[in-house]
Amino acid sequence: MTPLLEIENLRVSFPTTQGRIEVVKGVSFTLGRERLGIVGESGSGKSMTGRAILRLIRSPGEVTAERMMFDGTDLLSRSERAMRPLRGARMSMIMQDPKFSLNPVMTVGAQIAEAVRAHESVPRRALANRVREMLEAVRINDPDRVARMYPHEVSGGMGQRVMIAMMLIPRPDLLIADEPTSALDVSVQAQVLDLIDELIVNNGMGLLLISHDLNLVARYCDRILVMNSGEVVESCDAADLHAATHPYTRGLLAAIPRIDETRDVLPVLDRSAWSGT
Amino acid sequence: MSARDWLLDESPNSRMQANAGRFYRMGLALLRNPLAVLGALIILLLIATAVFAPWIAPESPVGQMLDRRLLPPSSANWMGTDELGRDIFSRVVYGARITLMIVALVAIIAAPLGLIIGAVAGYFGGWVDKLLMGFTDIFLSMPKLILALAFVAALGPGIENAIIAIAITAWPAYARIARAETITFRSSEFISAVKLVGASDARIIGLHVVPLCMSSMIVRVTLDMAGIILTAAGLGFLGLGAQPPLPEWGAMISRGRVFILDQWWVATMPGFAIILVSLGFCFLGDGLRDVLDPKQAGKS
Amino acid sequence: MTAISLKSLTISYGGIPAVHDVSLEIGDGESFALVGESGSGKSTVLRAIAGLAPEWTGEISVLGAPRGHGPDRAFARTCQMVFQDPYGSLHPRKTVDSVLSEPLIVHGLSERSGRVSEALDMVGLGQEFRFRFPHQLSGGQRQRVAIARALMLKPRIMLLDEPTSALDVSVQAEILNLLKRLRRDQGLTYLMVTHNLPVVAFMCDRMAVMNAGRVVETAPSSALRTGDFSDPYAQHLYAASGGDEIASKDGQ
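Protein chains in written order, with the numbering used here: chain B, 1 to 277; chain U, 1 to 300; chain H, 1 to 252.
Note that these hints are calculated values from the structure, not bench results. For every residue, glycine included, the Cβ atom is placed at its ideal position computed from N, Cα and C. Some hints could be false.
A few chain H positions that, by computed beta-carbon distances, are all more than 10 Å from chain B [unchecked claim]:
1. E37
2. E55
3. A65
4. I105
5. D121
6. Q141
7. D168
8. E174
9. N196
10. R214
11. E217
Beyond 12 Å from chain H on every Cβ pair, some chain B residues (computed) [as the list claims (entries may be wrong)]:
12. D173
13. D222
14. L252
Just some of the chain U residues that point at chain H, by a computed CB distance under 8 Å [claimed, not checked]:
15. S11
16. Q17
17. A20
18. R22
19. T184
20. R186
21. S188
22. E189
23. S192
24. V197
25. A199
26. G206
27. L212
Isolated chain B (complex conformation) (with noise of 0.2 Å):
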């Protein structure tokens, strides 16, 4: 079988006054129907992995790679118009917060609707069907009433259920969540990534989970890469994270507080240990 997505060598470059920088330097991972985490610190270029897959990245941003395959279609070669057919419908991003993903002019119920109504044409009896069943799916309880209500009326871990409902409707193989839960409580956290979870298992979908907390990817990942400054230090199977070799991988791990915590100083990465500066 052939993956779902084969990345080989990615590269993303932004312009600045001191030259191009590279805030991807060659990454490559393949993706099945899965759940790959990719774990990294802010600037590692974990989300722009992300964004690049969907081609979010906009001038003067650039983008190149030697292999960039979805589902067998080549998405390097496509245009931007022939992209939109497969963002949302076959491939779709729940981003980190939903106060600013939502439209808060329009109900929530219509932009589920939108979501699919963008991709297909649905007689309006059956949107509605599909609508209220992807609610309940996301376990809304009364799917009719958060239907017909704003984004602002919904609290933080439902405006992100709604937006994990819009970007599973329209059906698609492959779901990228850049910190889904991170603006979240820690108890509903847990909530909304096992309800992701549910949803990608259940449909036989590919996910890709970003996120800066490992022990969250290690949780709900099967396998887990680890990035910093642009490059992939560290690729292991989740539940052998705690054997991860990579002197930054270790440093990470060592670096968290646990919550049954009796050490008294917690050890600092010493960035000079892989870097070679």
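Starting from the structure of chain B, add chains U and H where the hints point.
Okay, now just chains U and H, sitting in the frame of chain B:
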């Protein structure tokens, strides 16, 4: 170490060097914008003309020679002569002084007044804000030129009164901007932090709030300069600004209006000067906005 | 001696109460955490103590002295605050030097230059950072400057409002170590607001769990190692923060 390295040093050794470096970087950014450079050159030209008027102008701006009235532009009189035989070029050159004075005085009076009123209103909020902004809105609701006319009519015609009248009509816009700007960071953490240190409200407004309003204020004032020049010219045109024989550009157009069909140069030459200087301020203002206020760049 | 004492404190915003009837005693030299999720009112308590949320009833005393409602100069020398957002807590047009000098100027203290460079040393920033602007600093460096600013007046109590939640984990570790070292070296009392229980486990002696504007449970932070919470909300928060894994490990 060259001066350039000193200015661009990433870890300066004194506050003075840090600030000089910041201005140098802004200057470099401004130089990358050709229109802003053009605007700055026009303003520099205006200033140079005003300063060196006696050396640039071939004749006195008020010297009448009735035997050469209304001559068209020639090698002797580059912009022709007016109805009293005065050299229009000399009058335009001396007019730069008046224009520069109007612009500078209006900026010196209106901008700080608006800045302080706006910053105080925005910082305190509540009834202080309501009171000050209500007052501002009254001024803002009246058409600028009409208000200026009313003031000049009350104070009497003359260049000084025109300047005061324009300043009185100009400050409310600045107060609005300063207030809006202040509100965006009134409850920000760096203001809270100075409050916690125990700094007085006057100190917070003067040293922490006002400097942050400065850049949008400078941009706005520069962009408004064109309007101020036009208002001053308008007052001059209506005979309420500079009085004869002062070579104020608006008043010159007003006088030339009578001959506009047959002797076009009398009104047109000072008109060109007004357009050129207004454009210069607009270009410079746009460039300054890109440098000082990056979040506004590209808008409007 | 108590460093901070709150008695039936009720805090409102625009007439609407956000915190109800909170009573706490924080000992001198203690590191105390207020834990809760967004909207629990934990930051509001901190802001009321600092004088930034003046609409309150009840009693706040700091080092035995009752506190008024607004900011106050004498109070500034005993109690200072570090804010959450390292990008919002420094004035964008002021150099590190001028940020750190400001408290000294306001309180008319002399030898400013020496004190500023001493403060930079204390928070582990080199002298080369002294005349930089905030945009020339990383998030962690900014937070160090904010901590140095809070220390300029040599306060005995520090209010910490989620001091590391906006930082990367590796930087968080550096800042937490710094805060811990400063507390030990200078005998400071910390009142820290956070939603991150592992940070509490590392930094604090005791904690109060807040939910919907009320303190639902006060516990020693050793409870985080055992999961020994009696309130259902506190148990839920503990489980969601990774406590469930410890519980399952114990069960094996």
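Do the hints match the structure? See the list:
| no. | hint | verdict |
| --- | --- | --- |
| 1 | E37 | violated (4 Å) |
| 2 | E55 | holds (25 Å) |
| 3 | A65 | holds (33 Å) |
| 4 | I105 | holds (34 Å) |
| 5 | D121 | holds (18 Å) |
| 6 | Q141 | holds (14 Å) |
| 7 | D168 | violated (4 Å) |
| 8 | E174 | violated (5 Å) |
| 9 | N196 | violated (8 Å) |
| 10 | R214 | holds (17 Å) |
| 11 | E217 | holds (15 Å) |
| 12 | D173 | holds (31 Å) |
| 13 | D222 | holds (19 Å) |
| 14 | L252 | violated (6 Å) |
| 15 | S11 | holds (4 Å) |
| 16 | Q17 | holds (7 Å) |
| 17 | A20 | violated (11 Å) |
| 18 | R22 | holds (7 Å) |
| 19 | T184 | violated (11 Å) |
| 20 | R186 | violated (12 Å) |
| 21 | S188 | holds (5 Å) |
| 22 | E189 | holds (4 Å) |
| 23 | S192 | holds (6 Å) |
| 24 | V197 | holds (4 Å) |
| 25 | A199 | holds (5 Å) |
| 26 | G206 | violated (13 Å) |
| 27 | L212 | holds (6 Å) |
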